[in-house]
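Q: Residue numbers (UniProt numbering): 1 to 143.
Rather than coming from a laboratory, the hints here were simulated on the basis of the structure. Just to be clear, a hint being listed does not mean it is correct.
As the list claims (entries may be wrong) - Dumping the calculated DSS-like pairs for lysine-lysine here, alpha-carbon to alpha-carbon at most 30 Å:
id, residue 1, residue 2
1, LYS50, LYS72
2, LYS103, LYS134
3, LYS72, LYS103
4, LYS18, LYS50
5, LYS17, LYS138
6, LYS103, LYS37
7, LYS103, LYS123
8, LYS73, LYS41
9, LYS72, LYS83
10, LYS73, LYS54
11, LYS18, LYS138
12, LYS17, LYS52
13, LYS50, LYS138
14, LYS134, LYS50
15, LYS41, LYS72
16, LYS103, LYS83
17, LYS52, LYS41
18, LYS73, LYS83
19, LYS54, LYS138
20, LYS123, LYS83
21, LYS37, LYS123
22, LYS50, LYS17
23, LYS18, LYS54
24, LYS72, LYS138
25, LYS73, LYS138
26, LYS37, LYS17
27, LYS83, LYS134
28, LYS37, LYS52
29, LYS41, LYS134
30, LYS37, LYS83
31, LYS37, LYS73
32, LYS83, LYS41
33, LYS73, LYS18
34, LYS18, LYS134
35, LYS73, LYS52
36, LYS17, LYS103
37, LYS37, LYS138
Just so we're clear, the structure is a prediction, and the values are computed from it rather than from any experiment.
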Amino acid sequence: MDRLVYTYRTTIDAPMKKVWDFFQDPTNLARIQRFPKVNVKESGSDEGSKVKLKIGYLGVGVNWDATIETVKKPHYFVDTAEKPPFPFTYWRHTHRFERENGKSVIIDELEFAARIPSAISSKLLTYMFQSREKQIMKAFQEN
Numbered sequence: 001m002d003r004l005v006y007t008y009r010t011t012i013d014a015p016m017k018k019v020w021d022f023f024q025d026p027t028n029l030a031r032i033q034r035f036p037k038v039n040v041k042e043s044g045s046d047e048g049s050k051v052k053l054k055i056g057y058l059g060v061g062v063n064w065d066a067t068i069e070t071v072k073k074p075h076y077f078v079d080t081a082e083k084p085p086f087p088f089t090y091w092r093h094t095h096r097f098e099r100e101n102g103k104s105v106i107i108d109e110l111e112f113a114a115r116i117p118s119a120i121s122s123k124l125l126t127y128m129f130q131s132r133e134k135q136i137m138k139a140f141q142e143n
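Start from the sequences, fold in the hints, and give me the full structure.
A: See below:
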């Protein structure tokens with residue numbers, strides 16, 4: 001099964017430090033992730049930390065365990081799923097943070113493999129990240 005790369009960019013008018021700090025708190029994932037719904041069971045943000053999630057997936061709760069592989073503050077961090085649930089067989093997520101035109105840019109880059117056609121997995125990922133983008137904007141408007 002081939003590994004694919006998917007990239008999604010979110011631009012937000014907020015200081016880089018504030019954006020970095022927000023994403024270093026794994027409990028904020030529950031705030032911004034609507035599809036699938038996420039509950040954070042265990043979390044950390046340092047290299048080697050385990051992140052244990054329960055996600056609402058196809059009407060059932062599924063465990064999603066990941067490891068924070070690399071942290072290069074304040075530029076990026078990488079998490080890798082240990083056994084991603086269906087339809088994914090591999091998941092490595094690089095969260096990048098850059099400045100462009102006085103704004104912060106969140107770049108989500110996924111390297112993944114899935115048991116479904118790439119056209120379908122790309123649509124699912126786009127839906128998920130578009131939903132996340134709305135929640136990120138809302139979270140930063142509240143702060």
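Q: Compare the structure with each hint and give your call.
A: Hints, one by one, checked against the model:
Between LYS50 and LYS72, the direct Cα distance comes to roughly 17 Å. Compliance with the 30 Å bound is thereby established for this hinted pair. Restraint check for LYS103 and LYS134: satisfied, since their Cα atoms lie roughly 17 Å apart, inside the 30 Å limit. Only pairs whose Cα atoms come within 30 Å are accepted, and LYS72 paired with LYS103 is accepted, the gap being roughly 20 Å. Between LYS18 and LYS50 the CA atoms are separated by roughly 23 Å; this keeps the pair inside 30 Å, and the hint holds.
Between LYS17 and LYS138 the CA atoms are separated by roughly 18 Å; this keeps the pair inside 30 Å, and the hint holds. A C-alpha spacing of about 28 Å is found between LYS103 and LYS37, which places the hinted pair at or below 30 Å, so the restraint holds. Our distance criterion of 30 Å between C-alpha atoms is met by LYS103 and LYS123, whose separation comes to about 27 Å. The straight-line distance between the Cα atoms of LYS73 and LYS41 is roughly 24 Å, inside the 30 Å bound, and the hint therefore holds.
Between LYS72 and LYS83, the direct Cα distance comes to roughly 24 Å. Compliance with the 30 Å bound is thereby established for this hinted pair. With a C-alpha separation of about 27 Å, the suggested pairing of LYS73 with LYS54 holds against the 30 Å cut-off. This hinted pair checks out: LYS18 and LYS138 have alpha carbons roughly 14 Å apart, not beyond 30 Å. A threshold of 30 Å between alpha carbons decides the hint, and for LYS17 with LYS52 the separation of about 25 Å falls inside it, so the pair holds.
Simply put, LYS50 and LYS138 have alpha-carbon atoms about 27 Å apart, close enough for the 30 Å limit, and the pair holds. Restraint check for LYS134 and LYS50: the C-alpha separation of about 27 Å stays at or below 30 Å, so the hint holds. Restraint check for LYS41 and LYS72: satisfied, since their Cα atoms lie roughly 24 Å apart, inside the 30 Å limit. Of the pairs offered as hints, the one joining LYS103 and LYS83 is violated, with about 35 Å between alpha carbons and a cut-off of 30 Å exceeded.
Among the hinted pairs, LYS52 with LYS41 is consistent with the structure: their alpha-carbon atoms are about 5 Å apart, no more than 30 Å. Between LYS73 and LYS83, the direct Cα distance comes to roughly 26 Å. Compliance with the 30 Å bound is thereby established for this hinted pair. This hinted pair checks out: LYS54 and LYS138 have alpha carbons roughly 23 Å apart, not beyond 30 Å. In summary, the hint linking LYS123 to LYS83 is supported, as the alpha carbons are separated by about 22 Å, within the 30 Å threshold.
The suggested pairing of LYS37 with LYS123 holds, with an alpha-carbon distance near 17 Å, which does not exceed 30 Å. Between LYS50 and LYS17, the direct Cα distance comes to roughly 23 Å. Compliance with the 30 Å bound is thereby established for this hinted pair. Of the supplied pair hints, the one linking LYS18 and LYS54 holds, its CA atoms being roughly 26 Å apart against a limit of 30 Å. As the CA atoms of LYS72 and LYS138 are separated by approximately 26 Å, the hinted pair is consistent with the 30 Å bound.
Distance hint between LYS73 and LYS138 is fulfilled; the C-alpha atoms sit about 24 Å from each other, no more than 30 Å. With a C-alpha separation of about 27 Å, the suggested pairing of LYS37 with LYS17 holds against the 30 Å cut-off. For a cut-off of 30 Å, the pair hint linking LYS83 to LYS134 stands: about 28 Å separates their Cα positions. A threshold of 30 Å between alpha carbons decides the hint, and for LYS37 with LYS52 the separation of about 14 Å falls inside it, so the pair holds.
Between LYS41 and LYS134, the direct Cα distance comes to roughly 24 Å. Compliance with the 30 Å bound is thereby established for this hinted pair. In summary, the hint linking LYS37 to LYS83 is supported, as the alpha carbons are separated by about 18 Å, within the 30 Å threshold. This hinted pair checks out: LYS37 and LYS73 have alpha carbons roughly 27 Å apart, not beyond 30 Å. Only pairs whose Cα atoms come within 30 Å are accepted, and LYS83 paired with LYS41 is accepted, the gap being roughly 16 Å.
Of the pairs offered as hints, the one joining LYS73 and LYS18 holds, with about 12 Å between alpha carbons and a cut-off of 30 Å not exceeded. Our distance criterion of 30 Å between C-alpha atoms is met by LYS18 and LYS134, whose separation comes to about 17 Å. Restraint check for LYS73 and LYS52: satisfied, since their Cα atoms lie roughly 22 Å apart, inside the 30 Å limit. The straight-line distance between the Cα atoms of LYS17 and LYS103 is roughly 12 Å, inside the 30 Å bound, and the hint therefore holds.
Restraint check for LYS37 and LYS138: the C-alpha separation of about 17 Å stays at or below 30 Å, so the hint holds.
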